[in-house]
Amino acid sequence: MGIRFVLLVNKQGQTRLAQYYAEHLTLDERRALEGEIVRKCLARTEQQCSFVEHRNYKIVYRRYASLFFLVGVDNDEQMEYTYCGSFTHGRSKQFSSVIAYVAMGAVVDVIAYVNELAILEFIHLFVETMDRHFGNVCELDIMFHLEKAHFMLEEMVMNGCIVETSKSNILAPIQLMEKAS
Amino acid sequence: MNPFSSGTRLRDMIKAIRACKTAAEERAVVRKECAAIRSSISENDQDYSHRNIAKLMFIHMLGYPTHFGQMECLKLIASAGFPEKRIGYLGLMLLLDERQEVLMLVTNSLKQDLGHTNQYIVGLALCALGNICSAEMARDLAPEVERLLLTRDPNIKKKAALCSIRIIRKVPDLAENFSSPATSLLKEKHHGVLIAGVQLCTDLCKVSEDASNHLRKNCTEGLVRILKDICNSPYAPEYDIAGITDPFLHIRVLRLLRMLGHGDADTSEYINDILAQVASKTESNKNAGNAILYECVETIMGIEATSGLRVLAINILGRFLSNRDNNIRYVALNMLMKAISVDSQAVQRHRTTILECVKDSDASIRKRALELVFLLVNDTNAKPLTKELIDYLEVSDQDFKGDLTSKICSIIEKFSQEKKWYIDQMVKVLSLAGNYVKDNVWHALIVAISNAPDLQGYSVRSLYKAFQLSSEQVSLVQVTIWCIGEYGEMLVNNVGVLQVEEPMTVTESDAVDVLESCLTHHSTDITTQSMCLIALLKLSSRFPPSSGRVKEIITTHIGSVVLELQQRAIEFNSIIQRHQNIKSSLVERMPVLDESTFISKRAGSSQANISTEKSNQQLPSGASLKLSNGVAKPAASPLVDLLDLSLDDTPVPTSTSNDFLHDLLDVGLTNSSSSGVASASGTDILMDLLSIGTPVQSNTTPENGSSIKAKPNTATVQVVDLLDGLASNGSHPGAQSPVHPSITAYQSSTLKITFSFTKQPDKPQVTQIHATFMNLSSEAYTDFIFQAAVPKFIQLHLDPANSNHLPASGNGRITQTFTITNTQHGQKPLAMRIRIAYKVSNQERLEQGQINNFPPGL
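Protein chains in written order, with our numbering: chain V, 20 to 200; chain U, 3 to 860.
FYI, nobody ran anything at the bench for these hints, they're computed from the structure. One or more of the hints may lead you astray.
In silico DSSO-like pairs for lysine-lysine, Cα to Cα no more than 27 Å straight-line [unchecked claim]: (1) V/Lys59 to U/Lys403; (2) U/Lys34 to V/Lys167; (3) U/Lys467 to U/Lys553; (4) U/Lys765 to U/Lys830; (5) U/Lys389 to U/Lys283; (6) U/Lys409 to U/Lys17; (7) U/Lys467 to U/Lys416; (8) V/Lys198 to U/Lys77; (9) U/Lys389 to V/Lys30; (10) U/Lys440 to V/Lys59; (11) V/Lys167 to V/Lys198; (12) V/Lys30 to U/Lys17; (13) V/Lys30 to U/Lys23; (14) U/Lys467 to V/Lys167; (15) U/Lys23 to U/Lys34; (16) U/Lys389 to U/Lys416; (17) U/Lys403 to U/Lys34; (18) U/Lys369 to V/Lys59; (19) V/Lys59 to U/Lys23; (20) U/Lys361 to V/Lys59; (21) U/Lys409 to V/Lys59; (22) U/Lys389 to U/Lys409; (23) U/Lys77 to V/Lys167; (24) U/Lys113 to V/Lys167; (25) U/Lys385 to U/Lys369; (26) U/Lys841 to U/Lys794; (27) U/Lys467 to U/Lys409; (28) U/Lys440 to U/Lys403.
Looking at chain V on its own, in the form it has when it is part of the complex (with noise of 0.2 Å):
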């Protein structure tokens, strides 16, 4: 799905949880992307689309109460780069080479975007799985327990891919965990 960050921002845009994906991002890079996008974000009203375009990313956000989730994936218009087959000799291959060509240069075009609205119902997701291990989650449970809400991210996106929607699968190795402490 192609996941780059999620980010946890609070009214006041502190950064309360970050995970980034495949992103090589120094510390000052990701501080002034965060602070950018927290910017922009925070600035919008209620009534507003939950999507905005920034940089070469497209950032999904839902506020829930006094937290932002935020989630950056690709933006389509990045460059993308496209392998398209060359065809060589003969002029008998040609014709066939021309439909490979086709086929392959439009298939990344088609795999190159992202659904925001299951980016949306992922981030409802994440709240959900917290809400049932944390009860109530606010904004100190992911605080105090930062490496948890870590967890549960883990078991959900690896690697910018959603592995896990079962709130239960996801929750299970933590639960775990805790009974073993």
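Following the hints, complete the assembly by docking chain U onto the known chain V.
Coordinates of chain U only, in the frame set by chain V:
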């Protein structure tokens, strides 16, 4: 125990940080904590290492450096207990990334954990590997992951599948090893495994065509069944979202079906039914349902669907577009943009709604809608759409005006069929949002006006009127100044009044008033002031009665603190005082600016394309600016840019006499007679005194100044826009050689590729590239295949190569031609990635590279 040691718990540290009132206090607290953690680490304090990493995670999140904790993570990973490993891996994923060399140290621990008997530990290792593995680690550990794909535990399987995605992305060669285990994942029942398996298959399709053919044959049926099952499944509490079972899996499967069905009629037909079912049965009152419908529409558009299905999809989009929820409208706009290529007629039907979205209060929606409208414009609806957009420009938000203006300008330029309409619209845009108009846009307007002798009077009058109403818009002011300077007498004498015009009286002193007010206005920049001065100079010759006043105004600037203005003022003053005899020829009207040159320059080529007689004739059909030329231009004699006096360029062969004259004004004055035409008439070329981008041509016969008389000019100067600061060289049309030098695109020890370029002058975006491949090794290559990839804004078409056999040691060549269309020509340079596959004594080889050394201007 160390008194500094991490006595504070995580909770206390967070409280301390939150209690900080200023950033400086926070830094102090973090520094203290970091010091404590460091000393705890150096004392090898096992009890606190768990807590230390948790703290470091928090500190890292706040944006402080935490590199000293990396080794601690590795230690924790190597320890035996699950909780230690857990936090260790988490720290690893957060604090490290694949660039750091420390990562190499972890490979061994990972390998051990991948073989661990405890499933949770295996899961941890897989997760870490999936998030951070580098290409080297991928090669080392791929066999382990492959093995884990075949275990029975679903939790391990799903993670192994996602881990494989990362491995394939890092090392595409490994893809074939994964394609059969991936297929078997699709037979599972566990949703986590299915979703991960489907994603793995999607990625396999991306990297290898073999894999996608394999999947198309073996998996389509299975995927359809999965989709059917989840569509029709009874209530499943675990996966239920708003009455729909696992929308995420729905979406994933739909996406893979799209890849498989794309360009394949049989598969498309096979999945037609299930898509119709999903599209018609899914509830659209909740977000989850809409997400599925959205994905389903995308799939229908992406495959070779039947027309009935397409109608269904377009209808869903229509429903989305009229939804009150902004999120839904946003995705509808997004989707319609893609639907245009499939069925533009259907999208046109929603034009009014889309236009409403351009005026939405939400910036994201506005932006999407504007881009969509831009795609919707065609010859028939250009006029009403432009009117709507310009009307909106008046009331739109300040921060949206930039985008909106540039889009309106491109629409006007692209779709103007008549010059008057073009000028009218541009004047409107300039007066509403002149501050947002880019320089090259108003330069184009000036070129157009100069090419329309019957509209010059009209233009200067409408600009004058517009200026009276909005004098704050920089580019409107500049165009007005230029036009008053050039065509001032048409303004005053009402030359060439069109029927639609309201009569108006402007006196000579009114015109001078305009210039004076611009010159003295506090917000005017230097360029504008310089333009005012030259316009005044010109008026002093056109309106002899006002010349006294003009002289006065110019004199006031002799003491200007700005060097540029002072110099001009002094120079002009001396022209007025001492050089009355040459003044009238100095301030002659500008020659007709050559449109084709301007267009090709504007298209960004650093070397001006030569407009031959032929391409001049093609201009109305081929060029982007469709304006009828008022002046028929016979052969154009290109002239070396006079101000660019580096004469290392080939001198113009056509000009028989070329004398450059520098007078006290730094004016390059040359006399070139064009021998390209039989009836050669001498032409005085007077380069612009102001270097504001508009060279002057005047005829040797001083009385030949009016627009009517300017027409018979047989020689036209290839005008070069000086503002662009680009050197231009003119070469004779007959001696047309490739303008762009050949490059060595790629060279390794075994292979050399050279590119040479040809361009058609009337299509600056299109470049033909002739690639020549040379084998530098001592063995012949067989099955030689060249592949190229380009960014999205470029279109690439490859022609077949002349052979697939490349003899050894440069004894033969393969040549291949391809055509590239740079849709953002002039804005973005070409870039290309290449991949060459061939066989040496039946062993496959692959070379890859990126080409960044394309000559500029392609």
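Right, here's what the structure says about each hint:
no.: 1; hint: V/Lys59 to U/Lys403; in the structure: holds (18 Å)
no.: 2; hint: U/Lys34 to V/Lys167; in the structure: holds (25 Å)
no.: 3; hint: U/Lys467 to U/Lys553; in the structure: holds (26 Å)
no.: 4; hint: U/Lys765 to U/Lys830; in the structure: holds (16 Å)
no.: 5; hint: U/Lys389 to U/Lys283; in the structure: violated (41 Å)
no.: 6; hint: U/Lys409 to U/Lys17; in the structure: violated (51 Å)
no.: 7; hint: U/Lys467 to U/Lys416; in the structure: holds (26 Å)
no.: 8; hint: V/Lys198 to U/Lys77; in the structure: holds (24 Å)
no.: 9; hint: U/Lys389 to V/Lys30; in the structure: violated (42 Å)
no.: 10; hint: U/Lys440 to V/Lys59; in the structure: holds (26 Å)
no.: 11; hint: V/Lys167 to V/Lys198; in the structure: holds (14 Å)
no.: 12; hint: V/Lys30 to U/Lys17; in the structure: holds (18 Å)
no.: 13; hint: V/Lys30 to U/Lys23; in the structure: holds (17 Å)
no.: 14; hint: U/Lys467 to V/Lys167; in the structure: violated (68 Å)
no.: 15; hint: U/Lys23 to U/Lys34; in the structure: holds (17 Å)
no.: 16; hint: U/Lys389 to U/Lys416; in the structure: holds (15 Å)
no.: 17; hint: U/Lys403 to U/Lys34; in the structure: violated (50 Å)
no.: 18; hint: U/Lys369 to V/Lys59; in the structure: holds (15 Å)
no.: 19; hint: V/Lys59 to U/Lys23; in the structure: holds (24 Å)
no.: 20; hint: U/Lys361 to V/Lys59; in the structure: holds (20 Å)
no.: 21; hint: U/Lys409 to V/Lys59; in the structure: holds (23 Å)
no.: 22; hint: U/Lys389 to U/Lys409; in the structure: holds (13 Å)
no.: 23; hint: U/Lys77 to V/Lys167; in the structure: holds (21 Å)
no.: 24; hint: U/Lys113 to V/Lys167; in the structure: holds (25 Å)
no.: 25; hint: U/Lys385 to U/Lys369; in the structure: holds (21 Å)
no.: 26; hint: U/Lys841 to U/Lys794; in the structure: violated (30 Å)
no.: 27; hint: U/Lys467 to U/Lys409; in the structure: holds (25 Å)
no.: 28; hint: U/Lys440 to U/Lys403; in the structure: holds (12 Å)
Comparing the model with each numbered hint stated earlier shows that hints 5, 6, 9, 14, 17 and 26 do not hold.
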